[in-house]
Amino acid sequence: MADEHGATGAVLVVGGGISGLTAALEAAEVGNDVFLVEKSPSLGGRVAQLNKYFPKLCPPSCGLEINFRRIRDNRRIRTYTMTTVQSVTGGPGNYEVKLNVAPRYVNSNCTACGDCAAACPDSMDNEFNFGLDASKAIYLPHPMAFPRRYVVNKEKLSADGAKAITAACKYAAIDLEMKAETLTINVASIVWATGWTPYDAHKMDNLKFGQSPAIITNMMMERLASPSGPTDGKILRPGDNKAISSIGFVQCAGSRDENHLEFCSHICCMATFKQMSYVREQYPDAEIYVFYIDLRTPGKYEKFRASRMADSKAKFIKGKVADVTLEDDGGVTLIAENAVTMEKISQKVDLAVLATGMQPNAALEPMPVALKQDANGFLLSEADKGYYAAGCAKKAADVVTCAQSSTAAALKALQVSRR
Amino acid sequence: MNVQPDLEFIRELKTAGGDTLKKCFQCATCSVACPLSTESKPFPRKEMIWASWGLKDQLVTDPDVFLCHQCGDCTEKCPRGAKPGETLGAIRAYAYQQFAWPKGLAKLTTSQKNLPILIGLPAVVILVMWILSALVPGTSGLHIPSVEAFAEHGYQQFFGDWSVMFKWYGKNIFFIALIMGVSALIAIISCWMGVTRMWKAMIANAEIVANYRPSLCQFVGRFLWPSLLETLQHKRFKECKTNSDRVSGHLPLVLAFIGLFLATCWSLIKNDILGLIWPSLHGPLAFFDPIKLIANVSAIAMLYGVWILWKNRRKMEAEGRASNTFYDWFLIWEIAAVGVTGLLAELLRWGGQPLLGYFVYYLHLVTVMMLFLYMPYTKFAHIVYRTVAMCFEKYRTSSFVR
Numbered sequence: 001m002a003d004e005h006g007a008t009g010a011v012l013v014v015g016g017g018i019s020g021l022t023a024a025l026e027a028a029e030v031g032n033d034v035f036l037v038e039k040s041p042s043l044g045g046r047v048a049q050l051n052k053y054f055p056k057l058c059p060p061s062c063g064l065e066i067n068f069r070r071i072r073d074n075r076r077i078r079t080y081t082m083t084t085v086q087s088v089t090g091g092p093g094n095y096e097v098k099l100n101v102a103p104r105y106v107n108s109n110c111t112a113c114g115d116c117a118a119a120c121p122d123s124m125d126n127e128f129n130f131g132l133d134a135s136k137a138i139y140l141p142h143p144m145a146f147p148r149r150y151v152v153n154k155e156k157l158s159a160d161g162a163k164a165i166t167a168a169c170k171y172a173a174i175d176l177e178m179k180a181e182t183l184t185i186n187v188a189s190i191v192w193a194t195g196w197t198p199y200d201a202h203k204m205d206n207l208k209f210g211q212s213p214a215i216i217t218n219m220m221m222e223r224l225a226s227p228s229g230p231t232d233g234k235i236l237r238p239g240d241n242k243a244i245s246s247i248g249f250v251q252c253a254g255s256r257d258e259n260h261l262e263f264c265s266h267i268c269c270m271a272t273f274k275q276m277s278y279v280r281e282q283y284p285d286a287e288i289y290v291f292y293i294d295l296r297t298p299g300k301y302e303k304f305r306a307s308r309m310a311d312s313k314a315k316f317i318k319g320k321v322a323d324v325t326l327e328d329d330g331g332v333t334l335i336a337e338n339a340v341t342m343e344k345i346s347q348k349v350d351l352a353v354l355a356t357g358m359q360p361n362a363a364l365e366p367m368p369v370a371l372k373q374d375a376n377g378f379l380l381s382e383a384d385k386g387y388y389a390a391g392c393a394k395k396a397a398d399v400v401t402c403a404q405s406s407t408a409a410a411l412k413a414l415q416v417s418r419r
Numbered sequence: 001m002n003v004q005p006d007l008e009f010i011r012e013l014k015t016a017g018g019d020t021l022k023k024c025f026q027c028a029t030c031s032v033a034c035p036l037s038t039e040s041k042p043f044p045r046k047e048m049i050w051a052s053w054g055l056k057d058q059l060v061t062d063p064d065v066f067l068c069h070q071c072g073d074c075t076e077k078c079p080r081g082a083k084p085g086e087t088l089g090a091i092r093a094y095a096y097q098q099f100a101w102p103k104g105l106a107k108l109t110t111s112q113k114n115l116p117i118l119i120g121l122p123a124v125v126i127l128v129m130w131i132l133s134a135l136v137p138g139t140s141g142l143h144i145p146s147v148e149a150f151a152e153h154g155y156q157q158f159f160g161d162w163s164v165m166f167k168w169y170g171k172n173i174f175f176i177a178l179i180m181g182v183s184a185l186i187a188i189i190s191c192w193m194g195v196t197r198m199w200k201a202m203i204a205n206a207e208i209v210a211n212y213r214p215s216l217c218q219f220v221g222r223f224l225w226p227s228l229l230e231t232l233q234h235k236r237f238k239e240c241k242t243n244s245d246r247v248s249g250h251l252p253l254v255l256a257f258i259g260l261f262l263a264t265c266w267s268l269i270k271n272d273i274l275g276l277i278w279p280s281l282h283g284p285l286a287f288f289d290p291i292k293l294i295a296n297v298s299a300i301a302m303l304y305g306v307w308i309l310w311k312n313r314r315k316m317e318a319e320g321r322a323s324n325t326f327y328d329w330f331l332i333w334e335i336a337a338v339g340v341t342g343l344l345a346e347l348l349r350w351g352g353q354p355l356l357g358y359f360v361y362y363l364h365l366v367t368v369m370m371l372f373l374y375m376p377y378t379k380f381a382h383i384v385y386r387t388v389a390m391c392f393e394k395y396r397t398s399s400f401v402r
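As you go down the protein sequences, you meet chains A and B in turn.
If you read the first sequence in this note's numbering, its first letter stands for residue 1, the second for the next number, and so on.
If you read the second sequence in this note's numbering, its first letter stands for residue 1, the second for the next number, and so on.
Isolated chain B, as found in the complex (with noise of 0.2 Å):
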C-alpha cells in the first residue's frame, strides 16, 4: 500500500501551536476536562486522533474544533502534555486557510517572517493615498497643520478639504472611506465566502438532509440571534475553571468593539449624512458627548482587555502550558496596536502636538487596516467562525434537519 502523509498539513499545525498533537495517547481525559464537551458528541479526543491521523477534511467540518473556548481546562488534565487546547487552536487557524479568500492573502497572515509585507502593505496604501490627496482639488492632506488648525480639526482634515466645493461631502471621509471601506468590504466577503464554504461542507459532512431551508428571518432569530446573545454574555467562555481570567480579558474586549463600532457608526452618520444639512456637525466630538465618552471608556477597555491577554498568554507560555505562535501573539499585537495608536493621537490632539500626533494617526490608520484586512484569516475570523459553527450545532438539532 502507497501511503502518502500529508506533510504540508502536520507542519502546518505544527506552526500554528499543534507541535504537542503526537504525544496524544487517547486517554480522553480532555473530553471530560472539558466544561463545553457533550454527552452525545465529546470532544477534543477525538479532534486529537483525527488529526493524527491526517483526516484534515474530518477536522475542518466538524462544529466542535470551532466551538472550543481555548480555556485551557483540557491541557491542564492531559496526562501527556499534548495540549488539546492548542491542538485545536492550530486546527483552527488550519481551517481558516482553507476557508480562505483570496488564498494569497491568507497564507501571507501565516508567518511571522511576512510581518514586513503585512505591515508595508497598508503603511503603503495609506502613504500613497495621503500623496494622492494633493491632486485631488482642494486643500491638500499632504501637510503638517498649525496648532490652531489642528485644535479646530484634529484629524479631520488628515487628507485635506475640499468643503468649498463640496459641502455635503468631506474629503477626508472620502478618503477614509475609500481605504477602510475597501479594506471592510474585501473582509466582509471573504469572510461571507469562508463561512459559506464553511457551512456547506459541515451540512455534507453531517449528512443533513433538510426537509425546508429556514427563512432568513427564521435563521437570524432561531440560530444566529441566540448564539450572538450567548457570546455576548459569555456563558460559554465562564465555563472554564483552569484560565478563568481570560474571561475578565476578552470580555472587556468585546464590549470595546462593539463600543467603539457604535461610535465610528455615529461619526459616520454624523459626519456624513446629518452634516450635509448641518455642516456645523463637522469636526471632533465633545469631550463630554456621549457617544464620544462611550468611545473613550471602550479604548480603555481596549487596552485594560488587551494587557489581561497578554499577561496570560504569557503566563501560560512560561508555565509551558501553551505554545508561543506567530498566530496568538498577531491578534495581541495588533489590538494592542490599535488601542495604543488610537489613544496616543487623542492625547496628542490635546496635547496640540500636530506633528507628532499626524504621525501616530497615521500609525492608527494603519493598524486599523491591519485588523480589517487580515480579520478573516487570523485568529480574529473566530468572530465569524464560532459563531456560524454555533449557528450550526443549533441548527443540526434543529426541527429543519429530518
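Next comes chain A alone, as it looks inside the complex (with noise of 0.2 Å):
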C-alpha cells in the first residue's frame, strides 16, 4: 500500500461501532485504503445493543445490515476484530502502528453453527445483555454479529468445557492453542471512534442501584425490548419477570453532575421517550412517570417529546430523584420534589430505569498514544498530528451526529492521506 516515497495514503479507524464503520466506509469507498480495528469480537458496538433507534423507531439491524454488507463487498477496508493498538510512532502521513490481535480460538472454519455452544457445560454473564441473562462460555456475541464468528471465553472455560466443545465442533474450528499476534501497518492518519460506555450506575449510592433487581439502566431497557434480549423482547421486572403496571424514567442519572459526569449526554431524553413508546406497545395501561430537570429535544425531536407528552396515563414530574427505597413486594419508591408544585413526591413503580448518560471510552481506559482530551475524557481533533476524533469519542451525541462526525472525520483523514 506504499507509493514510490515509501508512504502511504491508507487511514486507520480505531473502533468499529456506528462511527468506526461510518468513517470506515465513507474513506474506502472513495478509494482509499483503510486498517478497521475494533477491540471487542464483532462490529456494531453500542448500536447493534439496542432495540430501536429514535426518533423513526427502526431496529438497528437494519442500519447495521447495510453497512456490514458494504464492508463486506469493500476490498479496500482490512477489518481487526479483538484487536488494540499497541503503539503508534511516526508521524501524519507515515504512522507506523503495531496492533495487537487477541485470540479469538476459533478459526475462520467457524459456521456458526452452535454446536459448540450446545455442548458447553460452562456458562457466565451475558455482557452483551447487561448480565440480564447467561450465555455459555464459547458464544456468538449477538444474533447479528460480524464476523459472524463463535469466541471462547478461555477464563470461563473448564477442562470440561474445553472438551466437550472440541468433540462438539464438525469443522475443526477450535484452536485453544491459538495465540496473540501483533500486526504492523502503515496509514496516514487515523480516526478515534473509541466510543463510550454507560456512566457506571452504582456510583449514585443514592440512587440503589444494583441493590433491587427493579432498577435498572435505560440500556438495560433496550436490551430488555429487544427481540433478541433475554425476555424475548417483554419487558418484564428483571428477578421475578413480572409483567409491569408501572414504571418511572430517572432522568440525569449521574449527568449534569460535577460528582459524576458533569455534561449532558444530549440522548437521554430521547431514548426515554423512545423507551415509554416500547412500554406503552407492551403494556396500554401502564403508568409512566418521567423525572426530570430539564426536557432536552433539541430541534426536529421537539416533536418527537409533543408525542410522548400527549399520552395521558404518562406524568412527568419536574425535579430529580435524589433517593429511591426498596419496597417488599419488589417494587421501589422514587422521591423527588416536584419543583411546579413544590411538593416532595415518593412515587411506588414496579420498575424504575436510570437514564445514566455516556461517558467517553477514553476517560476509562488508557490510551494507546497521548491523545488530546477535554475535561471529560473526550477526545480533540488534532489536525498537525493527522489525528481525528469521531462519533461518541468526540461529544456524546445521537447516531445521526455520530454519523456525521465520522464522515467529516474521514474526509479530513483522506486530506491526509492525499497530501
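Warning: the hint list may mix true and false statements.
Taking beta-carbon pairs under 10 Å as the criterion, some of the chain A residues facing chain B (in silico) [claimed, not checked]:
1) Asn259
2) His260
3) Asp323
4) Gln347
5) Met367
It is worth saying that the hints were derived from the structure and are not from the lab.
Only a predicted model underlies this, so the values are computations on that prediction, with no experimental measurement involved.
Ideal placement from N, C-alpha and C gives every residue a C-beta, glycine not left out.
Got two chains here, each in a separate frame; can you build the complex from them with the hints?
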C-alpha cells in the first residue's frame, strides 16, 4: 500500500461501532485503503445493543446490516476484531502502528452452527445483555454479529468444557492453543472512534442501583425490549419476571452532575421518550412517570417529545430523583421534589429506569498514545498529527450526529492521506 | 419593562457565603437530600430560586430559611456545587440585618473591615469604666493588686471596692452590671424587636387569619417549650448525615452556655442578694464548690465544642464544601476568645499572677461584652430567630390558625 516514496495513504479507524464503520466506509468508498480495528469480537458497538433507533423507531439491524454489507463488498477495508492498538510511531502521512490481535480460539472454519455452545457446560454473565441473562463460555456475541463467528472466553472455560466444545465442532474450528499476534501496519492518519460506555450506575449511591433488580439502566431497558434480548422482547421486571403496571424514568442519573458526569449526554431524554413507546406498545394501561430537570429534545426531536407527552397515562415531574427506597413487593419508591407544585413526591413503581449518560471510553481506559482530551475525557481532533476524533469519542451524540461527525473525520483523514 | 435588579441584596448574599447561588439549575436534589425538609413544604430548592430572582421579602419571611441547620447534606449532593446550605446561611445573615435594631450597629458586624471597631468599642468602654472607677468613692480599680490581695479577692475588685461605705452592694458588681447589664439589655431589646418584626412579617406573608391569640402561657407551653426541648436534644441536628460530627461540637457548646449561664446567675444571687446579708459570701468560689465545678466543666466543654466546630469548618472549606466568610468565622472566633480568656484568667488567678491576670481578665470582659452586644446581628442570632421560627412552624399548623 506504500507509494514510491515509501509513504502510505491508508487510514486507520480505531473502533468498529457505528462511527468507526461510517468513517471507514466513507474513506474506502472514495478509493482509500482503510484498516478498521475493533477491540470486541464483533462490529456494531453500542448500536447493536439497541432495540430501536429514534426518532423513526426502526431496529438497528437495518442500518448495521447495510453497513456490514458495504464492508464485505469493499476490498479496500481490512477489519480486525479483538484487536487493539499497541503503539503508534512516526508522523502524519507515515505512521507505523502496531496492532495486538487477541486470540479468538475459533478460526475461520466456523459456520456459527452453534453445536459448540449447545455442548458447552460452562456459562457466564452475558455482557451484551448487561448480565440480564447468561451465555455459554463459547458464544456468538449477538445474533447479528459480524464477523459471524463464535468466540471463546477461556477464563470461564473448564477443562471438561474445552473437551466438550472441541468434540462438538464438526469443522475443526476450535483452536484453544491460539496465541495473540502482533501486526505492523503503515497509515497516514488515524480516526479515533473509541466510543462510550454507560456511566456506572453503582456510583450514584442514592439511586440504589444493584440493590434491587427493579432498578435498571436505560441500556438494560434496550436489551429487555429487544427481540434478541433476555426476555425475547417482553418488558418484564428482572428478578421475578413480573409484568409491570407502572414504570419510572429517572432522567439525568449521574449526568449534569459535578460529582459524576458534569455534561449533558444529549440523548437520554430522547431515549426515554423512545422507551416510553416500548412500554406503551406492550402495556397500554401502565402508568409512566418521568422525573426530569429539563427535557432536552433539540431541533426536530421536539415533535417526538410532544407526541409522548400527549400520553394521558404518563406523568412528567420536574424534579430529579434524589433518593430511592426499596419496597417489600419487589418494587421501588422514587423520591423527588416536584418543583412546579412545590411538593415532595414519593412514587412507587414496579420498575425504575435510570437514564445514565455516556462516558467516553477514553476517560475510562488508557489510550495507546497521548491524545488531547477535554476535561470529561472526550477526544479533541489534532489536525497537525492527523488524528481525528469521531462519534461519541468526540462528544455525546445520537446516531445521526455520530454518522455526520464520522464522515467529517473521514474527509479530514483523507486530506492527510492525499497530501 | 424597566427592571431594577437589587444589586445590594445579591452583594450581601455573596459576602455571607451565597456566592455559588447562581450555579443552581433547580434540579431539586437538595429538597430530597435535606433530612429536615417536609413533604408538603420541601426546602431549600424554592429558596434557591427565590434568591436567584431576588425575592428577598419572600425569603426573610420564610420559616424554612431559619429551620435549616446548615448540616450540609444538600451541599454534598448538589450536582452543581451551588452549595444550598451555605446560601441559606447567607440568607439568614441577610435576614438578621433586615430585622435588626439599631441598624447601624448591625451593619457594623457584617464586615471584617470593621473588626477594629467591633473590638475597639467594648475595649474602650471597659477601659473608660476602669478609669472612671477611680473617680467613684471607695478603693480605685485603677491598680494592679498585690499577690495577697489577688489571692483573696481574685478579680472581684477589678473595678475597686467600697465595702467600707456600702456593705450591701459591691462596687465591682456595680460596674460589671453597668457594662454587661446594659449590653445584655440592648441585645434583649434588639432581639425582641427583631423577632416581633419577623413574626409579624411571617404572619402577613403566610396570610394567617387567627381565631384566637394564644395567651403567654399557651404560647410558652405549646410552642416555645417544645421548641426549646427539641433544640436541647439536638433532635433535628442529629438527622444530618454528611457532617454528623458537627453535633459533637455544637451540643457541648450549647450545654456549656447553659452551664455558664447558671453559674453566672448563682454568682449574681450569691454576691448581690445573699451577700447583702452574709458579707462573707463575697469572694471567688472554692474549687470544689458545685457551682464552680459546673462553671469549669462548662468552660472546658465550650473550648472543646468550639475547637470541633473550628476544625470542621476548616475541613469543609478545604474540601470546597463551604465558603470562607466573616459571618461564619466571627462567631467561632468570639466564642473561642471568650473561652480562652476566661480559662486563662482563672489559671492566672491560681498561679498568683496579678498583672497578667488583670490584663487577661480585661480581655475576657471585652470578649464577653462583644458576645452580648453583637449577638442579635451575627450568626449567634440563630438562637433566637431559629427558636421563634420553630415556634411559628408549630403555630402555623395549630388550632389557633384557621
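Hint-by-hint comparison with the structure:
no.: 1; hint: Asn259; in the structure: 6 Å, holds
no.: 2; hint: His260; in the structure: 8 Å, holds
no.: 3; hint: Asp323; in the structure: 5 Å, holds
no.: 4; hint: Gln347; in the structure: 12 Å, violated
no.: 5; hint: Met367; in the structure: 28 Å, violated
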